[in-house]
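One line per chain: the protein sequences are A and B, in this order.
For the first sequence, position 37 matches number 37 in the working numbering, and the numbering has no gaps at all.
For the second sequence, position 380 matches number 1380 in the working numbering, and the numbering has no gaps at all.
Read the hints as simulated data drawn from the structure, not as lab findings.
Certain hints may be false.
25 angstroms max Cα-Cα, derived BS3-like pairs, lysine-lysine [what the hints assert, rightly or not]:
hint: 1; chain 1: A; residue 1: 2; chain 2: A; residue 2: 143
hint: 2; chain 1: A; residue 1: 105; chain 2: A; residue 2: 199
hint: 3; chain 1: B; residue 1: 1458; chain 2: A; residue 2: 193
hint: 4; chain 1: B; residue 1: 1601; chain 2: B; residue 2: 1691
hint: 5; chain 1: A; residue 1: 116; chain 2: A; residue 2: 193
hint: 6; chain 1: B; residue 1: 1691; chain 2: A; residue 2: 222
hint: 7; chain 1: B; residue 1: 1651; chain 2: B; residue 2: 1458
hint: 8; chain 1: A; residue 1: 195; chain 2: B; residue 2: 1393
hint: 9; chain 1: B; residue 1: 1651; chain 2: A; residue 2: 191
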Amino acid sequence: MKICTVLKQVPDAEASIRTSGSGVDLAGVTFVMDGMDEYGVEEAIRLREAGHTAEIFTLALGPRRFEEAIRTSLAIGCDRAIHIETDEALDVITQARVLADAVKKEGADLVFVGGKEADWDSSALGPALAEALGWTHLDWTTKFVLTGTTIEATHDTDAGNETVKLSLPAVITTQQGLNEPRYPTLPNIMKAKRKELRKATLADYAAHAPLTKIASEAIQVKARLNKILSGEGPETAKQLITLLRDEAKVI
Amino acid sequence: MLTLPEQFLFAVLLIASLYYAYLGFSEVIGVINRGATTYYPRTNHPVARLRDAIVRTITQVTVFRDRPVVSFFHSFVFYGFIFYGLVNIVDFIEGYVPAEVLAPIHASIFGGLFRLGADVFGSLVLIGVAYLLSRRFAAEDPKLEKFNPTVLLHPGVTAGGIRRDSLIVGCFILLHVGCRMLAAGSLLAAEGHNDPWQPVASLIANVIGHAPNRIIGWHIGWWGALGLVLAFLPYFPRSKHIHLFAAPARFALERRHVDGSPVPLGALEPLDLEDDTVEQFGVERLEQLRFTQLLDPYACIQCNRCTNACPAHATGKALAPSAIEINKRYELNAIRTEFAEKKIGSRPVMEFVMSESALWACTACGACVEVCPVGCEQLTDIIDYRRDAVMTKGEFPQQLNNAFRNLERTSNPWGIAQAKREEWKNADTVAPTVAENPDFEVLYWVGCAGSYDPSAQKTARAFAEILNHAKVNFAILGKSEGCTGDPARRAGNEYLYHSLATGNVETLNATLLDEKLDPNKAKRVVATCPHCFNALKNDYPQLGGNYKVVHHTQLIEELIAAGELPEMILDEKFTYHDPCYLGRHNGVYEAPRSVLTGGGKAGATFAEMPRNKNNSFCCGAGGAQFWKEEEPGTMKVAENRYREAEATGAKTIAAGCPFCKSMLASSESAGREGAPVIMDIAELVAENLRKTKAKLGLAG
Ligand code: SF4
Ligand code: SF4
Ligand code: SF4
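Given the sequences, and given the hints that come with them, work out the whole structure.
Here it is, written out as structure tokens:
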């Protein structure tokens, strides 16, 4: 079996992002592997540890800086990686089509990808990838068991969760609760440096014209009201409640 | 003199005994030889080493550091034994050389003194051993072998190995010396006179009665005394009494800097992280230890002083530092021959040395190392096992995972953005960065706690206020400061420590040193966090960072002495908690006390806790404990310490460390109405400063 873990590198959740002009300024920001993607990498490794013979490869589409996150996945235990390098800001559907072509070329049976990646906060990559591959998919997975080619998995729904059975090939989107990603060990970090990280370009895969183009960007700025209440404690509390209820309408 | 057959028999037995003893000792040496070499020199300045080891052994200073009564009786045995070395040689000669030949020596003043020595020391040994045995077996002193039920012990120990070993050795000494006394007494009895040089032997002679045939008693006694030695020699390398040799060797092999100066007790060995063929980091099995760590279990006398001093053990955790050495020893005894011959390695240490909970219960406080009379380094072992758990196996408490990720991503364990590092300052805090004040004289290392922890931020602001008042030309690194790496290093994550530390060393070299990196011309750096202080001072030299580092209490003391700050007199009762990494690890005990007591003028307003200075009890934060749940036990370490502080009647507990402050403040008792408050010395000094200014009618 071949397992593909798709990942992205995104700004650390704690990083303070500055704006410059109408866009964001990413200079000096710490980038990390997307937290949701990480659950997928961990799950793939756990499948192998549970006795499935599988080759696990990382697949990433994005700029050169992604390399660090890719190395992390290799340190966690992926066998090799393919990095389709591009600085172009592709829409999710186009990304999915390129990735799908790569998944097909590598002959993978199972794809893990984060439920919602922190770059554009879209939850579409997984489903779009499944669509492009013509595979079945399950999103927001919190429990995953593979027996032979049958998957029994639990995923979140709006009202709660459900457990379903599906069979390979499949695309699984992952999220918190699925597992606790491990901390890579040092020998594995060392080994990761020697593992294969193959570079590719968009040209290596079936050409897909982007479906969207960024026409302009704007930063949404909300001015604070800077309202300061004065008076005794209990009285200000009442004022605050009135304001929150009647003006802000939050309670 | 012995009869000819006796002489022959003894010679044969002597050769056999020496042979078996030789085998035993060479096994021990083989075991120790399997250990790796150490980063810190162990054999440089041999003359000073030898001298110090001899002085330490002869004066027994390290023994007397604790348990004065036991140490007193132990010294009887020790000095008696040393003298008995000579006695045994003389007795041996007497067995082979006719009495007439030796008579002139006997008659001389030397002969007299020797007999007096043998008589007196022999009696002292008997008294000492009788006391020690009764303490262990009759009185069952709970300090011995009293481990928390969760402590992992080697099967040999649970089977009563320590008691048996003690009994065998105790009885050997009693019989050996007893027989010697009998021999001396019988000789006098046979010669028909008493000897003023041998009061005790004369007493024995009188009891058994003077008659020539009493010489048989001399033969029995002689064989009893020296024959037992032959029986005991091969047992020696198996028993804990090999400490007789191993402890002085351990002293001589203590770690020292290249210039011969002592290395602080908590210093850790660096690792080679460049070599990417290495597959094992830290220690999984005994053969991966350094040779001194393999000598430790032989030097260890199994006295349990370290366990009695350990804050984790005192609060019911599964950790007992003595068990580390004892378990290592029992395992080594079990596998010694093949292990020494390099035919086998040991089982993984986590199977027999300590449990996982024990491994993660250590606060790296160093109390065990400080109190150990023979110089064992239990803490080094713990960190080595943690290195294996974290770096090689990736198995460690989940919460540390967060701390590590935070350190990786945000350069502080809290995980708050690096961009917010200067947000400890409020509107009126003056603390320029190096860029803003390039001609600074002192660099203030704020540390992660000072930068991000609200309670430590108060300390940082107070300290900046103090510096400004005293007109110290200082600067901070601001956003170019990152965690020193101490929490990662003490948690066994040397790799993460290394990446954080190398970044800081680079920054500090560029900030504090001239182009030639001359450490003598370095500008000073002051830290309000003892963990930072220790890292900058003791960890960074391993990475080529040599700085002049002071703790804020030291700088404040200096400023008071220079008249730049008013002396502080606190009017309510207070006590002071020694942070492990300031006190025990770096020997700074007096500066904070002098600041707090107005140079000693405080009198009874200052109440010391019973456990203070080098015997101080940890707050529970160190060794990365702050970043994880405390291991299961009967009490929180901080609670134990807080109660001790409260019992002094103090209204204020002064601290010199953001983590101590935070730990003590979060203890259960601290939450009660009217409980003593915990404040950093900087806060107290700043408060005093404001009061003084107000008194003098000066504005703000
Ligand atoms: S360093 Fe402190 S906590 Fe750790 S074993 Fe020693 S005494 Fe116990
Ligand atoms: S390690 Fe030191 S203090 Fe601890 S039991 Fe052994 S000799 Fe005593
Ligand atoms: S050692 Fe200093 S720099 Fe590191 S976490 Fe502690 S306070 Fe921060």
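25 angstroms limit on alpha-carbon distance, applied to hinted pair residue 2 of chain A and residue 143 of chain A: 20 angstroms, holds
Hinted pair residue 1458 of chain B and residue 193 of chain A, Cα distance within 25 angstroms: With Cα atoms ~44 angstroms apart, residue 1458 of chain B and residue 193 of chain A exceed 25 angstroms; violated.
Holds or violated: residue 116 of chain A to residue 193 of chain A, with C-alpha atoms at most 25 angstroms apart: 28 angstroms, violated
Given pair status - residue 191 of chain A, residue 1651 of chain B, alpha carbons within 25 angstroms: 56 angstroms, violated
Restraint check for residue 1651 of chain B with residue 1458 of chain B, where alpha carbons must lie at most 25 angstroms apart: The hint holds at about 19 angstroms.
Straight-line alpha-carbon gap residue 1601 of chain B to residue 1691 of chain B, limit 25 angstroms: 18 angstroms, holds
25 angstroms limit on alpha-carbon distance, applied to hinted pair residue 195 of chain A and residue 1393 of chain B: 20 angstroms, holds
Straight-line alpha-carbon gap residue 1691 of chain B to residue 222 of chain A, limit 25 angstroms: 44 angstroms, violated
Pair hint outcome, residue 105 of chain A versus residue 199 of chain A [Cα-Cα no greater than 25 angstroms]: 15 angstroms, holds
Going through the hint list in order, the structure does not satisfy hints 3, 5, 6 and 9.
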